[in-house]
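Chemist: Chain residues, written in single-letter form:
2 protein chains.
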Amino acid sequence: MNTKLQIFDSTLRDGAQSANISFSVEDKLKVIETLDELGVDFIEAGNPYSNPAEMQFFQRVQALKLKRSKLVAFGSTRRKNISCEEDSNLKSLLAANTEYVAIFGKSHILHVTEVIKATPDENLCMIEESVRFLTEHGKKVIFDAEHFFDGYKADPAYALSALESAAAGGACILSLCDTNGGLFPDEAETIVRVVAEKFPSLVVGIHCHNDGGLAVADSVAAVCAGARHIQGTFLGFGERCGNANLSTIICNLQLKCGYLCLPAENMQKIYECAMTIAETANIAVPQNEPYIGMNAFAHKAGMHADGVLKCANSFEHVDPAVIGNKRRFLLSEISGKSAIYDKIKNYFPKVDKNGREMAIIAEELKNLAVQGYQFEAAEASFILRVSRILGHYTPSFELINYKIINEQPAIEGKVATAVVKIRVNGVTRIAASDGEGPVHAMDLALRSALTEFYPEIAGTALVDYKVRVLNSDKATAAKVRVLITTVNSTDSWTTVGVSEDIIEASWIALTDSIDYALMKRM
Amino acid sequence: MNTKLQIFDSTLRDGAQSANISFSVEDKLKVIETLDELGVDFIEAGNPYSNPAEMQFFQRVQALKLKRSKLVAFGSTRRKNISCEEDSNLKSLLAANTEYVAIFGKSHILHVTEVIKATPDENLCMIEESVRFLTEHGKKVIFDAEHFFDGYKADPAYALSALESAAAGGACILSLCDTNGGLFPDEAETIVRVVAEKFPSLVVGIHCHNDGGLAVADSVAAVCAGARHIQGTFLGFGERCGNANLSTIICNLQLKCGYLCLPAENMQKIYECAMTIAETANIAVPQNEPYIGMNAFAHKAGMHADGVLKCANSFEHVDPAVIGNKRRFLLSEISGKSAIYDKIKNYFPKVDKNGREMAIIAEELKNLAVQGYQFEAAEASFILRVSRILGHYTPSFELINYKIINEQPAIEGKVATAVVKIRVNGVTRIAASDGEGPVHAMDLALRSALTEFYPEIAGTALVDYKVRVLNSDKATAAKVRVLITTVNSTDSWTTVGVSEDIIEASWIALTDSIDYALMKRM
Numbered sequence: 025m026n027t028k029l030q031i032f033d034s035t036l037r038d039g040a041q042s043a044n045i046s047f048s049v050e051d052k053l054k055v056i057e058t059l060d061e062l063g064v065d066f067i068e069a070g071n072p073y074s075n076p077a078e079m080q081f082f083q084r085v086q087a088l089k090l091k092r093s094k095l096v097a098f099g100s101t102r103r104k105n106i107s108c109e110e111d112s113n114l115k116s117l118l119a120a121n122t123e124y125v126a127i128f129g130k131s132h133i134l135h136v137t138e139v140i141k142a143t144p145d146e147n148l149c150m151i152e153e154s155v156r157f158l159t160e161h162g163k164k165v166i167f168d169a170e171h172f173f174d175g176y177k178a179d180p181a182y183a184l185s186a187l188e189s190a191a192a193g194g195a196c197i198l199s200l201c202d203t204n205g206g207l208f209p210d211e212a213e214t215i216v217r218v219v220a221e222k223f224p225s226l227v228v229g230i231h232c233h234n235d236g237g238l239a240v241a242d243s244v245a246a247v248c249a250g251a252r253h254i255q256g257t258f259l260g261f262g263e264r265c266g267n268a269n270l271s272t273i274i275c276n277l278q279l280k281c282g283y284l285c286l287p288a289e290n291m292q293k294i295y296e297c298a299m300t301i302a303e304t305a306n307i308a309v310p311q312n313e314p315y316i317g318m319n320a321f322a323h324k325a326g327m328h329a330d331g332v333l334k335c336a337n338s339f340e341h342v343d344p345a346v347i348g349n350k351r352r353f354l355l356s357e358i359s360g361k362s363a364i365y366d367k368i369k370n371y372f373p374k375v376d377k378n379g380r381e382m383a384i385i386a387e388e389l390k391n392l393a394v395q396g397y398q399f400e401a402a403e404a405s406f407i408l409r410v411s412r413i414l415g416h417y418t419p420s421f422e423l424i425n426y427k428i429i430n431e432q433p434a435i436e437g438k439v440a441t442a443v444v445k446i447r448v449n450g451v452t453r454i455a456a457s458d459g460e461g462p463v464h465a466m467d468l469a470l471r472s473a474l475t476e477f478y479p480e481i482a483g484t485a486l487v488d489y490k491v492r493v494l495n496s497d498k499a500t501a502a503k504v505r506v507l508i509t510t511v512n513s514t515d516s517w518t519t520v521g522v523s524e525d526i527i528e529a530s531w532i533a534l535t536d537s538i539d540y541a542l543m544k545r546m
Numbered sequence: 025m026n027t028k029l030q031i032f033d034s035t036l037r038d039g040a041q042s043a044n045i046s047f048s049v050e051d052k053l054k055v056i057e058t059l060d061e062l063g064v065d066f067i068e069a070g071n072p073y074s075n076p077a078e079m080q081f082f083q084r085v086q087a088l089k090l091k092r093s094k095l096v097a098f099g100s101t102r103r104k105n106i107s108c109e110e111d112s113n114l115k116s117l118l119a120a121n122t123e124y125v126a127i128f129g130k131s132h133i134l135h136v137t138e139v140i141k142a143t144p145d146e147n148l149c150m151i152e153e154s155v156r157f158l159t160e161h162g163k164k165v166i167f168d169a170e171h172f173f174d175g176y177k178a179d180p181a182y183a184l185s186a187l188e189s190a191a192a193g194g195a196c197i198l199s200l201c202d203t204n205g206g207l208f209p210d211e212a213e214t215i216v217r218v219v220a221e222k223f224p225s226l227v228v229g230i231h232c233h234n235d236g237g238l239a240v241a242d243s244v245a246a247v248c249a250g251a252r253h254i255q256g257t258f259l260g261f262g263e264r265c266g267n268a269n270l271s272t273i274i275c276n277l278q279l280k281c282g283y284l285c286l287p288a289e290n291m292q293k294i295y296e297c298a299m300t301i302a303e304t305a306n307i308a309v310p311q312n313e314p315y316i317g318m319n320a321f322a323h324k325a326g327m328h329a330d331g332v333l334k335c336a337n338s339f340e341h342v343d344p345a346v347i348g349n350k351r352r353f354l355l356s357e358i359s360g361k362s363a364i365y366d367k368i369k370n371y372f373p374k375v376d377k378n379g380r381e382m383a384i385i386a387e388e389l390k391n392l393a394v395q396g397y398q399f400e401a402a403e404a405s406f407i408l409r410v411s412r413i414l415g416h417y418t419p420s421f422e423l424i425n426y427k428i429i430n431e432q433p434a435i436e437g438k439v440a441t442a443v444v445k446i447r448v449n450g451v452t453r454i455a456a457s458d459g460e461g462p463v464h465a466m467d468l469a470l471r472s473a474l475t476e477f478y479p480e481i482a483g484t485a486l487v488d489y490k491v492r493v494l495n496s497d498k499a500t501a502a503k504v505r506v507l508i509t510t511v512n513s514t515d516s517w518t519t520v521g522v523s524e525d526i527i528e529a530s531w532i533a534l535t536d537s538i539d540y541a542l543m544k545r546m
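Protein chains in written order, with the working numbering: chain A, 25 to 546; chain B, 25 to 546.
Same shape as in the complex, but just chain A (with noise of 0.2 Å):
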């Protein structure tokens, strides 16, 4: 029987304190979904005392009926010289309706004399009693201890008294914040395991932030020796360098190390749900983020890409389906025609490794990267084009011609004009747009042309678009590769255009897009 740990996500709440992360209500009902849905413990869904939008979406939350997670509303101890009947921020932690609450509170006596000047007694005071009015409201507290680490570092005594104090007000569970990120991993493993033995009847949590870039690792650490709740964002999102990621967290937990973060059948819904929370905070995941990154499973060399064709395990530390991911082969001038072969099965199994149409698609492959294409980072565009050879695919539609117009001074704020004329099944259209670049007003032009053919691509949007200059020596006059990623509600493709001109590469990797979108719905 696998040892049981509890994973809260904070990632409406320290999350959102991420530089440029700001979730709408619906975007906050949306996350609460999906990792109810996964099966998480717990989920810190924000602070109902620090504005008026906070409280009431604690009162819309209500309507929600979750299957598995628990929600908290997140707050701190009392304020020091007022009691707990007069602290604003504790009643609307008991106006925000859950069973849990979250409250920190300090332990490192440094904090308590010089941050909020209150002499040490006092501050233990202010745990107790905040903890204290709480349970005896009915709520069950998750006290933080903020600073723990560097506190006991400091002054042991003291750091644990703080934990004495929220015990003796009844907390159950003490969960042990490395504040500033700077902990190393045997530092955690030393530290709790002196608070889990000295607490053996409350449960002992860690709560991470990655500035040294070890938050996953004293993570790990800390449920060696003898945490079982474990706090952190999904996708590591977080204040400075973030929170520590519960992604990579429960994969090498579960997978690796014998713990039960998850139900067993949700571990495969966590590429998913990754891909759900990042386009609801609107932030693209790493491609090189463990487990869930698009590239986390995906091989270039020559060498590895064989190797892994011959021994599945030989360059991969888990097997992708697991967690719902996918293996990859990037398509560079260094795979061998086993990868590309590998990879076009999947999509066409039909196709013969040694016959006549698998050697026209490994020569057309070879113009294209002559031409300066890559598929190793666009999928989309590599099964367009093999649709094409094929001729399992028509285009979408016709491009009789475009003009883009770029103009300083600008015309009402705006620099650029894009004037698009397409044709689907002999109809002809035109569409105009201004735009922010002509790139955007490229987009908008043709979408608006599209959309009477094709209302679905309303659904999808742009969300990354990058350009590399290759030969750049030629400068103004070299070639460029862009890369355009779109998403719609349940998945993300990427598709590329390389031109001297990086309107016409816009325009191509644009077009692929659309055409994806639509190869797919059928």
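Hints are all accurate, no fakes.
Label pairs and their in silico Cβ distance ranges:
1. B:T214 to A:G379: 48 to 56 Å
2. A:P180 to B:S516: 56 to 64 Å
3. B:T214 to A:S513: 45 to 53 Å
4. A:K177 to B:N391: 38 to 46 Å
Here are the computed lysine-lysine pairs in the DSS-like style, where the Cα-Cα straight-line distance is at most 27 Å:
5. B:K427 to A:K427
6. A:K334 to B:K104
7. A:K427 to B:K445
8. A:K89 to A:K293
9. A:K503 to B:K503
10. A:K374 to A:K390
11. B:K438 to A:K445
12. B:K54 to A:K503
13. B:K164 to B:K115
14. B:K390 to A:K438
15. A:K427 to A:K503
16. B:K503 to B:K445
17. A:K445 to B:K427
18. A:K438 to B:K427
19. B:K280 to A:K177
20. A:K390 to A:K334
21. A:K369 to A:K334
22. A:K28 to A:K89
23. A:K438 to B:K503
24. B:K141 to A:K334
25. A:K164 to A:K54
26. B:K293 to B:K28
27. B:K374 to B:K350
It should be emphasised that the hints constitute simulated quantities derived from the structure, not laboratory data. Small disclaimer: the values here were computed from a predicted structure and weren't measured. Every residue gets a Cβ at the ideal spot worked out from N, C-alpha and C, and that includes glycine.
Position chain B relative to chain A; hints supplied.
Modeler: For chain B alone, kept in the frame of chain A given last:
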């Protein structure tokens, strides 16, 4: 006396396996120069056997006079069933003409029997003979034991015998590779300790990948257990989830654990080095990257910012200035005036640090940074901006307007036409040009309009053009940063432009490049 660790950077070899990275020869030279300036011990510059361009690169690189770093050529043990003298890979390692070479060999029994299909003894022979062949030809050999940790877990005796073979052949460094990236720090520590005790006269190295999000922690654990050579890539570039991130590891070990990785006086160059490598690779450093990220020391206004102002280390694990990064307050930016002054005084020694001019410059640079300007790789634009503020310089021309038209189908093969109207000393000129793309057409038209006034610009030529998409989640309406490098017969300079419109961003960088050429002449 702090223990010295060897830092081995593989950005140009293992880092180039990243899905979206390809370095030109100029890029590689720039990376080498940057890493040498920083003071890393080894720079793995490529695999001379992989293709003729790589071998040419090693020939060209001989001309570099490096201050400190040793270049390393990478390859493998000989193939089975042939002699070392016949092995093209080993011969190319000799021809690469570096003092050090790194070769990888199998140390995991299953990879020997299943992937390369050799007998256990045959593989040991391949290792020993290959290392001996290289050492007898005067090379110092770093042996990369591929899959060492997984191999040790499967069959410790065989994994160790691979190291013994390398040692018998004369290897000076035994680098233990976690090729699949699934290693945990406690395993790293236990296994490295065994190896370090077994080979007390050799240097033990560690080479980690980040598939479990643990590469930094694994590397640190290995050092604690006796490793004295750390392989990684400066920004964590690499196949799948990347290699161990050296910038994080160096900071952790040198700032917090008492090891010496870089000359102490170079630690403050880490941030700038990271920016230069990132720009060269055309990859944005993630904003939340430990130590070097834009947000690594960013505090949202409120309690944390307040705490930091009361007591610097209350919410910072290290002082950002130590590595050349800065504290940022996200809502009320308080910028490091002395850092700006340090840069300005190199060019404009008369500017008073506490004077009014300095205040205006600092304000202007802060505004530009908010817009997305970065001057690390565009010093010419930086000098121009400051010169303008100081009144040292008048723009060489005034733009009246430009109009750039892109169209498909192309006319006589040209897709873009530019019309540029400018004024110089009250004289107006209009010129037009077509081109391979809009920036090309614009560049030609502008030069054509200006030549009459400034014949010397005929002697300048654009040699590099780079585009970076900022906040790319906004996709085609996102801002772009354009970098243009221009040369004349004696010099080269880089300029930068930022706009939501790629044409305007290019225009800004282009006019800066011409203005800078003309300012220098004066």
